[in-house]
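Given only the sequences and the hints, what does the whole structure look like? Please build it.
Those protein sequence lines, which keep their order, are chains A and B.
When we follow numbering that gives the first Met the number 0, the leftmost residue of the first sequence carries the number 0, and every step to the right adds one.
When we follow numbering that gives the first Met the number 0, the leftmost residue of the second sequence carries the number 0, and every step to the right adds one.
It is possible that some hints are incorrect.
As the list claims (entries may be wrong) - Straight line, CA to CA, 20 angstroms or less: simulated EDC-like cross-link-like pairs of lysine to aspartate or glutamate:
| hint | chain 1 | residue 1 | chain 2 | residue 2 |
| --- | --- | --- | --- | --- |
| 1 | A | K122 | B | D60 |
| 2 | B | K273 | A | D668 |
| 3 | A | K429 | A | D389 |
| 4 | A | K101 | A | D79 |
| 5 | B | K273 | A | E667 |
Don't read these hints as lab results, they were simulated from the structure.
Predicted, not measured: the structure shown is a model, and the values here were computed from it.
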Amino acid sequence: MGKDTLLTDRVFKSVGTRPMRPDGIDKVTGRARYGADHNMSGQLHGSILRSPHAHASIKSIDTSKAEKLKGVKAIVTAKDFKTKGITDPGLLDIIDNCMAGKKVFYDGHAVAAVAAVDAKTAKAALKLIKVEYKLLKHVTDVDEAVKPKAPVINNKCFTKGVDPTPGKASNVAKRSEFGHGNVAEGFEAADVVIERNFKTGQSHQGYIEPHACVASIGPDGAGELWVCTQGHFVFRQQCAEILGLDEAKLKVTSSEIGGGFGGKTHLWVEPVALALSQKANRPVKLVMSREDVFRASGPTSATSIDIKMGVTKDGVITAAEAELRYTSGPYAGSWATLGAMTAFACYDLKNVKTVGLEVLVNRPKTTAYRAPSAPMAAFAVESMIDELADRIGMKAIDMRIQNAAKEGTKSSYGPVYGPIGIGPTLDAAKNHPHMSAPLGPNQGRGMACGFWFNFGGQSCTDLNISSDGTATITVGTIDVGGARASLALVVAEELGIPYEQVKAVIADTGSLGYNEMTDGSRGTFASSMSAIQSCRMAIADMRQRAATLWEIDVDEVVWENGQAWAGGESNSNHPPLSIADLAKSAEKTGGPIAGHAQIVADGAGVSFATHICDIEVDPETGQTRVVRYTVIQDAGKAVHPTYVEGQFQGGAAQGIGWALNEEYIYGEDGRLQNPGFLDYRIPVCSDLPMIDTQILEIPNPNHPYGIRGVGETSIVPPLAAIGNAVSNATQVRMTHVPMSPPRILAAIHAQAASDDSSDD
Amino acid sequence: MIETNLSLAPHNERDLILEYLAPEKTADAVKLLAKSKGSVHVLAGGSDLLVRMKGGYVEPDVIIDIKRIKAMQDIKKGATGFSIGAAVSCAKMGEHKALRKAWPGVVEAANLIGSDQIQGRCTIAGNLCNASPAADSVPALIAAKAVAVIKGPKGTRRVAIEDIATAPGKTCLKKGEIVESIQLPKRAAKMADAYLRFTPRTEMDIAVVSAAVNLTLGPRGVITHARVALGAVAPTAVLVPEATKILKGGKLDDEKLEALAEICNAACRPIDDKRGTIEFRTHVAGVLATRAARLAYTRAGGKL
Numbered sequence: 000m001g002k003d004t005l006l007t008d009r010v011f012k013s014v015g016t017r018p019m020r021p022d023g024i025d026k027v028t029g030r031a032r033y034g035a036d037h038n039m040s041g042q043l044h045g046s047i048l049r050s051p052h053a054h055a056s057i058k059s060i061d062t063s064k065a066e067k068l069k070g071v072k073a074i075v076t077a078k079d080f081k082t083k084g085i086t087d088p089g090l091l092d093i094i095d096n097c098m099a100g101k102k103v104f105y106d107g108h109a110v111a112a113v114a115a116v117d118a119k120t121a122k123a124a125l126k127l128i129k130v131e132y133k134l135l136k137h138v139t140d141v142d143e144a145v146k147p148k149a150p151v152i153n154n155k156c157f158t159k160g161v162d163p164t165p166g167k168a169s170n171v172a173k174r175s176e177f178g179h180g181n182v183a184e185g186f187e188a189a190d191v192v193i194e195r196n197f198k199t200g201q202s203h204q205g206y207i208e209p210h211a212c213v214a215s216i217g218p219d220g221a222g223e224l225w226v227c228t229q230g231h232f233v234f235r236q237q238c239a240e241i242l243g244l245d246e247a248k249l250k251v252t253s254s255e256i257g258g259g260f261g262g263k264t265h266l267w268v269e270p271v272a273l274a275l276s277q278k279a280n281r282p283v284k285l286v287m288s289r290e291d292v293f294r295a296s297g298p299t300s301a302t303s304i305d306i307k308m309g310v311t312k313d314g315v316i317t318a319a320e321a322e323l324r325y326t327s328g329p330y331a332g333s334w335a336t337l338g339a340m341t342a343f344a345c346y347d348l349k350n351v352k353t354v355g356l357e358v359l360v361n362r363p364k365t366t367a368y369r370a371p372s373a374p375m376a377a378f379a380v381e382s383m384i385d386e387l388a389d390r391i392g393m394k395a396i397d398m399r400i401q402n403a404a405k406e407g408t409k410s411s412y413g414p415v416y417g418p419i420g421i422g423p424t425l426d427a428a429k430n431h432p433h434m435s436a437p438l439g440p441n442q443g444r445g446m447a448c449g450f451w452f453n454f455g456g457q458s459c460t461d462l463n464i465s466s467d468g469t470a471t472i473t474v475g476t477i478d479v480g481g482a483r484a485s486l487a488l489v490v491a492e493e494l495g496i497p498y499e500q501v502k503a504v505i506a507d508t509g510s511l512g513y514n515e516m517t518d519g520s521r522g523t524f525a526s527s528m529s530a531i532q533s534c535r536m537a538i539a540d541m542r543q544r545a546a547t548l549w550e551i552d553v554d555e556v557v558w559e560n561g562q563a564w565a566g567g568e569s570n571s572n573h574p575p576l577s578i579a580d581l582a583k584s585a586e587k588t589g590g591p592i593a594g595h596a597q598i599v600a601d602g603a604g605v606s607f608a609t610h611i612c613d614i615e616v617d618p619e620t621g622q623t624r625v626v627r628y629t630v631i632q633d634a635g636k637a638v639h640p641t642y643v644e645g646q647f648q649g650g651a652a653q654g655i656g657w658a659l660n661e662e663y664i665y666g667e668d669g670r671l672q673n674p675g676f677l678d679y680r681i682p683v684c685s686d687l688p689m690i691d692t693q694i695l696e697i698p699n700p701n702h703p704y705g706i707r708g709v710g711e712t713s714i715v716p717p718l719a720a721i722g723n724a725v726s727n728a729t730q731v732r733m734t735h736v737p738m739s740p741p742r743i744l745a746a747i748h749a750q751a752a753s754d755d756s757s758d759d
Numbered sequence: 000m001i002e003t004n005l006s007l008a009p010h011n012e013r014d015l016i017l018e019y020l021a022p023e024k025t026a027d028a029v030k031l032l033a034k035s036k037g038s039v040h041v042l043a044g045g046s047d048l049l050v051r052m053k054g055g056y057v058e059p060d061v062i063i064d065i066k067r068i069k070a071m072q073d074i075k076k077g078a079t080g081f082s083i084g085a086a087v088s089c090a091k092m093g094e095h096k097a098l099r100k101a102w103p104g105v106v107e108a109a110n111l112i113g114s115d116q117i118q119g120r121c122t123i124a125g126n127l128c129n130a131s132p133a134a135d136s137v138p139a140l141i142a143a144k145a146v147a148v149i150k151g152p153k154g155t156r157r158v159a160i161e162d163i164a165t166a167p168g169k170t171c172l173k174k175g176e177i178v179e180s181i182q183l184p185k186r187a188a189k190m191a192d193a194y195l196r197f198t199p200r201t202e203m204d205i206a207v208v209s210a211a212v213n214l215t216l217g218p219r220g221v222i223t224h225a226r227v228a229l230g231a232v233a234p235t236a237v238l239v240p241e242a243t244k245i246l247k248g249g250k251l252d253d254e255k256l257e258a259l260a261e262i263c264n265a266a267c268r269p270i271d272d273k274r275g276t277i278e279f280r281t282h283v284a285g286v287l288a289t290r291a292a293r294l295a296y297t298r299a300g301g302k303l
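What follows is the structure in structure tokens.
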């Protein structure tokens, strides 16, 4: 039995249980169909030619020899994409990123694509395409790119958010500022002020399934796209506009998804596959290689963060200020804005100011990665909190508790908080046995907090009752992290039938109204809200049908435990009617039983987490070992606790990889040195301990079941938690992520050298 | 002999065709290697070759699979030591009790390559001929004073392991030559070896730096013979002859270990790359050499 949520005072029967996942058997037996598992008759093999240069003008592309190769059916370059009439700058950037126009902006930028009868022919054709480049100076480092003499990547880039708009182009695409109070006065009032620079490397989501799609457009302008995506409705909208198709005539079907983490919210190759299909008049399959995924599909930003914080002897943070510079690849986005908003969001601050700078560099276009931009900002802030606490001789957790935001706090990015979970996660951390467990030699403990917004947005669902009384819930949000299990539980709960009698299905774009992406931790939050409304509509209908059959007033029909009950003493002779009974007689009572809802799911509510970890450092090699790791996070109401725990663990695991080893490494020539899992080191199983989790349930007042999104916040604290643990183990403050063994060893040696010289 | 045309393409462009040959005798392999034109590659486990083909780094015209050659399939224990056939998988080495007992360092090096699945396929001869400076089994084989038996059109020659790789990806093997087996010397009591590597991950990784130590002890724990080799600190794995002088005579004490670390640091000629810095590799080479020396010493019955 589940607990009540304060919100609904409801005792849950299905919600809060841990049934088998409905997609499990298919996934482990290979029956599940992913992006590359779909085939169409007459299908061609698509392949993309990519730039070997970090920055160059395209002088010419000669495809004539490749076109003559037997088996080649279509070749496209930028000139096959019509940009005339498209005004949305974001869409123009997508087109330029999918197929370079006048310039290539990074190593891996697409310049031409081929559709041929097979992979070998396509590969041979790519070799026959001659591209003449004029090399341009490149810049890949964020701090180099903001320097006045840096090569300007886009000569039409005039910094937005600065008044007046600068007349000179630069690599700073956007400046955003948040905060309140007066930081100068705040620093005056502080007893200890620390200023530091923190850096984080560029990391990739590292989903195991590369991007893949099969595209088919007929001469009638009607098309189909089978694709691995986090948002097929958004893909349809954007692809239709790029290809000049009517949106309704492009049916997009989402495949099973082998991880996304934000990376599959963006178009990388799909418009190219569609353009090839349109030109060849045949279906085209396009699958990215792992190397392509690293070189040309959005990683997250690399950052450099200048931060200054002041604290009184008693542990009150008097002022906090940061300038956060985020790389954005060659096109503008809004990643720095999110970093500037989230940085100090965990704390109740009188004086706070953040400035986010979005910086263009010759790296692949940045896209969302699980709570995008928040982990880097948290790395800087939470590292500073530890150091400040150490300087005033206070326990870091006590300083966090003292300064934590609460209901009514004006957040650092503007809004005033409702009921939030930062305080409870900190209290839980303080009382957790992990916090007081003994440490071994060369081990250090660290902790950190994290914040993420969460999102709701447009959702649309159908509920259909089958003739045997079982139910299908049809949604338009992709199941990336267990949404089908959660939604089936919610529907079972609402209808009052067993979980096993509910099937959750993800519709293609032709079968349901528009749904936003599965992003911003919205999938379960928003679709469950819509599913509940769909169920309630069907229940109202079924009560009406029962009333008709019984010839009583509908107000006298009560819905309970999946059955209609005739209320009132005079009606007690009527046995209850189950959903199956009502489904059986549907033909006589008005036809199939269904419910539908379309909503804008407001009130997702913010999310907080606190992580604790123990790290052992080999002082002779800088080798690290994660000894113990605990995640404490507010889930609102955990619908399927195992999946919630999985999200907590998954975010922590990705954060651990990012903190310790994952990083894009560029050579002097601006080319990516490690586009593969050998040298881009995500953790393997044996690198991680079992990650402990503690779910807190502070109901979201804006959801009928109190649900909050849980997918993203768990990646926010790890960089800082590990940074603090390594710093405590080595007694050297770590300021550069990833904390790879060479970096840790160099920091230990530098500290020893400076200790020696100060001893002299 | 099996011959297959692996091309699945319906279009008969000559350059798209790959020839796959699987001889059953070393002499046939030598003949095929000698007469084949274009890009000719030997396939043992394929754990390097197939990855490089898939990545487009090599495009072989001819592949010669050696797994059907009888003379290359076994581990043999003889009067002069062990002979490990070129087609013997690293997993098979790990399952060979006598080999594990005699050469624990060589076996642990072979069993660090890739993952369990990779070890089921990969071979130490392949590891050697791939000629990566970071190859795990090579420093251990050098420290073991192992020898490669090479068959070629002009007969048989025996080459010390440290002389096989000449540069990254390059070997001293001539046209038509193939490694048939790797010979490990005979072992007696109070002899032991050890291999340690540094990788950021616990497995599925490649050595950033590595060290192998092979020791023979006399009475009272006195070291009578020693060989030390380092990996990933130079264009090829290197033997550190000076280390032999430092370790020989006397027990393994702190003074020896400190001197060993220093001489190993000095033997390094590494590069800065995506896997590590010059400073890191140089320092950690010394750390690993001392740790491997301690391990080999205790394995050989010495007391620290």
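Evaluated hints:
no.: 1; hint: A:K122 <-> B:D60; verdict: holds (16 angstroms)
no.: 2; hint: B:K273 <-> A:D668; verdict: holds (14 angstroms)
no.: 3; hint: A:K429 <-> A:D389; verdict: holds (17 angstroms)
no.: 4; hint: A:K101 <-> A:D79; verdict: holds (13 angstroms)
no.: 5; hint: B:K273 <-> A:E667; verdict: holds (12 angstroms)
Figure legend: structure checked against the earlier numbered hints; every hint is met.
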